[in-house]
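Residues per chain, in single letters:
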Amino acid sequence: MHPERATMPVTSQLFRGFPLAKLWGSSLFPCQRQLPCCPTSHRPTSSQPHPIWPTAMPVRGYRRSPDLHSYNLTPPQVNSILKANEYSFKVPEFDGKNVSSVMGFDSNQLPANAPIEDRRSAATCLQTRGMLLGVFDGHAGCACAQALSERLFYYVAMSLMPHETLCELEAAVEAGRPLSPILQWHKHPNDYFTREAQTMYFNSLRTYWQELIDLSSPGESLGPREALLSAFKRLDSDLSLEAQVGDANSFLHYWVLRVAFSGATACVAHIDGSDLYVANTGDGRAVLGVQEEDGSFSAHTLSNDHNAQNENEVARIQGEHPPSEKKTVVRQDRLLGLLMPFRAFGDVKFKWSIDLQRGVLESGPDQLHDNEHTKFIPPNYHTPPYLTAEPEITHHRLRPQDRFLVLGTDGLWETLHRQEVVRIVGEYLTGVHQRQPLTVGGYHVTLGQMQGLLAERKARASLAFQDQNAATHLIRHAVGNNEFGAVDHETLSKMLSLPEELARMYRDDITIIITQFNPHVVGHQRQGGES
Amino acid sequence: WIGVLFSLGRRGIWSSPRRLASAVETTQPIPLPSQARVVICGGGIVGTSVAYHLAKLGWTEIVLLEQGRLGAGTTRLCAGIVSVAKPISIECKMADYSNSLYEHLEEETGVKTGYVKTGSLCLAQNQDRFLSLKRLASRLNVMGIPCNVIKPKEVSKLHPLVNIHDLVGALHLPGDAVVSPPDVNHALATAAAGHGVQIHERTTVNHVMMEKGHVTAVETDRGAIECEYFVNCAGQWAYELGQASETKVSVPLHGCEHFYLLSKPLPEPLQPSTPVVMDMDGRIYVRAWQGGVLSGGFEKNPKPIFTEGRNQLEIQTMQEDWDHFEPMLSALLRRMPELEVCEIQQLVNCPESFTPDMRCLMGETPGVHGYFVLAGMNASGLAFAGGAGKYLAEWMTYGYPTANVWPLDIKRFGNLQSSRTFLRHRVMEVMPLLYNLKVPRWDFQTGRQLRTSPLYDRLDTQGARWMEKHGFERAKYFIPAGKDLLSLDASKTFYKPDWFDIVGAEVKCCKEAVCVIDMSSFTKFELTSTDDQALALLQHLCANDLDVPVGHIVHTGMLNERGGYENDCSVVRVKKNSFFIISPTDQQVHCWSWLKKHMPDDPQLHLEDVSWKYTALNLIGPRAMDVLGELSYVSMTPEHFPSLFCKEMSVGYANGIRVMSMTHTGEPGFMLYIPIEYALHVYNEVMSVGQKYGIRNAGYYALRSLRIEKFFAFWGQDLDPFTTPLECGREFRVKFDTDIDFLGRASLLHQRQEGVSRRFIMLVLEDHDTELDLWPWWGEPIYRNGELCGTTTSSAYSYTLERHVCLGFVSPPSLDGSPAAVTPDFINRGDYEVDIAGQRYPAKAKLYPFSSLFAQQRRRKDEMELSNFQGK
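Protein chains in written order, with the numbering used here: chain V, 1 to 531; chain P, 1 to 872.
The shape of chain V in the complex, shown without the other chains (with noise of 0.2 Å):
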């Protein structure tokens, strides 16, 4: 949950029942007592410029480092919590060659929130060509990005998919037979997925392709750019849709409810040999490591943030709404002064009108009456929808220098900036050796000074040595970053050791997707492409 995202005046329950809404109260609660006498509070890595507070508003930023509750932790337990949600996949080899553009990836996630409400995606797609990777952010809870978790890549799929594939799926579907399998989904074990709700969802799905083959002729299929917006426009109808509809079962309506009122936000890349195509909806961000001629990494962004940063986006908000809302609609750097990213999945409450507001949340399950935040409504809602789930999409055409895709959630993004990003992960896969091999050259360098140098490249390489995943690794910098930019254990150990109530205080639910290409094939095709 985001406190600093999707806030409410008031503090009381999102929907009594959430596991999650003990911490929300808990985690408001100390940050405002912070404000007067820590104002300027945050971490002196984040990129982002620090907005002015509003009074009774949490903070965007951490305390410094925390000194109440921390328990000492040792190496082994530090690597253990770091390495509990990592996983990695390696693209299979045959005959000894990956022939794909993606040699595989790197994921790891490090929750604040207890539990967690970032979600992570891979999955191959197995009726097109493709691998199809994905973070997303959830807000006022984790049902909005569990569902993306399950469904965005299946939208993506069939959008992909050409009109005969389509019609082969219905045909069987219509048959009773065996579906061919869409998606090869890379997962780990914490990786859950929502058992009760896959009929619905799998109905949704077929309408969605029904519709896909109604409205494509044979041998038509749509790029990878329309296909990746309409499926993310055409899941957030559906889950606006299933809220709206509600479900005979009790438990489904209330979690069709659940997903819709809270939000996430989604940054998606699909990889197809030298096309990379990115999605993004929020503030995740998708980051290409650049390696140049010098062997040193370069950051080249490949998404724009949806928030107030953004001018592009504050001027579009302002756009779509009468000039008589010019000063509501933006408000303390959040939408309607509430939400932080500009763009999002779910969040009814800024895409329904009051009325249907109203209306739905009164046909719902009992559990959603006694709640007092089911009856507000956000300030100055005059023309809704104020958010769209639309992504901004860019299309990157590989080049063997690029050696990696970083995706990641702003919990990343606002403890490291996204050089320093590129620079741990290119340092981390090449491997110290190669970084930089050192050469004496003709520089006057005494054997002395040589040790030292070799000395302290040791001592860095020991550490990324202690990773066998860049995505842990990322993850032991931004959590246990030191003033110096070096990893400290007793920093680590602090941040680590932090009781679920107060951990949010300190930092954000981090998730990190970090794909590695293949330079010898993205070369091949590139010079396949050329010539």
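To be clear, the hints were calculated from the coordinates, so they are not data collected in a lab.
Please note that the accuracy of each hint is not assured.
[Unchecked claim] Okay, derived cross-link-like pairs now, DSS-like style, lysine-lysine, Cα gap no bigger than 30 Å in a straight line:
{"id": "1", "chain 1": "V", "residue 1": "K458", "chain 2": "P", "residue 2": "K300"}
{"id": "2", "chain 1": "P", "residue 1": "K613", "chain 2": "P", "residue 2": "K647"}
{"id": "3", "chain 1": "P", "residue 1": "K303", "chain 2": "V", "residue 2": "K90"}
{"id": "4", "chain 1": "P", "residue 1": "K576", "chain 2": "P", "residue 2": "K596"}
Given the coordinates of chain V, work out where chain P should sit on it, guided by the hints.
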């Protein structure tokens, strides 16, 4: 004299841009000759040394081919240290010869070689290292090579930079020298060319042609050369070159990167005469270089290269890897802190080739006549090249070198050591081992479990600890249940080892009850013929008379022309024209090629290697006959089954087991040769029936103790191609009483007339505290009345005598320059001492074993069988 020109050191660190012949660069290379007597491939220091020595020995029509330029491979970059500090004596000898050769090369050729007799300092940071240096000093003394064990204070007098605060002592080798390797290479080439050797650069050998197992020609990229002899001195590329002949030749070596650092001159330039420093505990060496230092090392984590083979012409400028060099740099600065302010010139990456056992590969390859190899120098190419070139030239000239080079003989390896994976893994262990402390009875840890007995798993679960011989796993001893396994594996010491009591218990069981030892690693051949060709061949090759009744076992040597042991084996006459030959494990390649070499081309005569077909179990002890008797329902008493006899019989359910009444130890018992599919059954039966007789497993350490106390010599350690049966008291195994002309007969007859000048004796250490004193190993000097008279060849603790027993050779001092004959008085009347790391222990010398005094059981002299298969 040829007009080919070559330049050296162009891209190397050694600035000597000079030409051999005319300074005119001819664009057209001299055409290759169409035929030659010898073609040598490889123009590095090794190849030129071979050419030089062959020419010196009077060979003509020698052609040396180099794919790039002379000395362009490892030679170009090698550090240029010639030191005699080497692990085994033959290597010390080679290095010593190289040193004196290089010293006089400048005089002989007029080419400057950069030779400076700097001396060297081997430092010890701990007592164990100091002990190993003292042992080395003892060995060098025997060879007459000067060396001094010195105190740390004296080190700082000899070297201005060495930090001595953490040293316990050092060994000073005043004779060691430094040279400029490409210049030595150049000088050797100049001298060789002066003797008529034709040198052709930029000529690549594609493959070697053979016919009927003989080298016939060499195919190069510039045409073919017919030749009788081919010498593979291709260094890093010797493996690939070996694979590129019609019959593949296995040259088991593998490259590793090797780094050393060059500094700029010190503020106060280091004198060229500053001694070389070898700080093995710090894994580094340091020599003076152009006013600064050159320092490299042998790291714990070597980087193997060229596993897949990459036949580049010259060693390209390899990448420097500072991070990899960091431990060695730290060790250098710790040893010489003043260097901290010294500036770096360069970090050189110079690949070296390594072999599976740290020793070079020399000699004629098995199976191909005329194909010689000299390669795999384990980073000591410069130190060995002179001596090794000389030995190889002698080998080609006289059929064998003037010294025993079995430890270097390429025939100690076979195809089984030729796997690239094996080599890659093994050399990663070998390279650090060069500077590791080596204590008695260390074993290789990599490349293991390649060949195993079918009983391996059974024995392993019963606590077997393993050693490896020729790829075969053999049990050393069995750890009883409940013992701390880890501490036992870690016992690495020059003193009493942790397994002392364990082996003692196994020995006791062999003496009093019965033990079983899996001895499947032995080499086993079957020689059969339709007529008496097999007998005729063996009568020619073996010193002992093999015309014995079927079922008899004969212990015999296979001698060379000089009467020396090429092999020592047990031969069973299984049928009238069928013989079963049992040889030591590491004879598999050598013995095979020896037999093949002397076998007539007769389709009726058939030789087969059946090593893999049989599992061999040795039942040692007085109750062995009871166990076997119960399992076969046949009486196994000496009356019914005399010693040195072989019967095919049933054991348990298994029929056709070859049971032989010998144990290779002098103890009563039987060897069982079991077709492998019956191995588990027979073992299980033996163990279950043996239970009531107190049977237990035993290992090779127990076997060795038993055998050495019985004065059994074994081939490869005590016996070598320069030792005759007369010198080790085995005259009774030579068929002097027949007229049969066997190989070596003439030499033996001559020696019998003249008397032997060296004699194999047994020394029982007195006044040696097993608990507190250093243990003997092998290679210790023997003194008689204070005078050096020989060296030990093996040793063991005798649990029966409760003393240490050393075996070794002694020879009386020659008075007039010619060798004096050994007399009984020389042995019996003299105060003998054995020198262990500088400390002398008095010893009783004996020509016959003590068994008659100590053995409890009766023993007839004809029952005593002497055998000798155990390796180390």
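Are the Cα positions of K303(P) and K90(V) separated by 30 Å at most? Holds: K303(P) and K90(V) sit about 26 Å apart, inside 30 Å.
Would you check the hint for K613(P) and K647(P), treating anything up to 30 Å between C-alpha atoms as holding? Roughly 18 Å separates the two Cα atoms, so the pair holds.
Check the hint pairing K458(V) with K300(P) against an upper bound of 30 Å on the C-alpha distance. Holds, at about 16 Å.
Does the structure keep K576(P) and K596(P) at a Cα separation of 30 Å or less? It holds: about 21 Å lies between the C-alpha atoms, which stays within 30 Å.
Every hint, counting from the list given before, is met by this structure.
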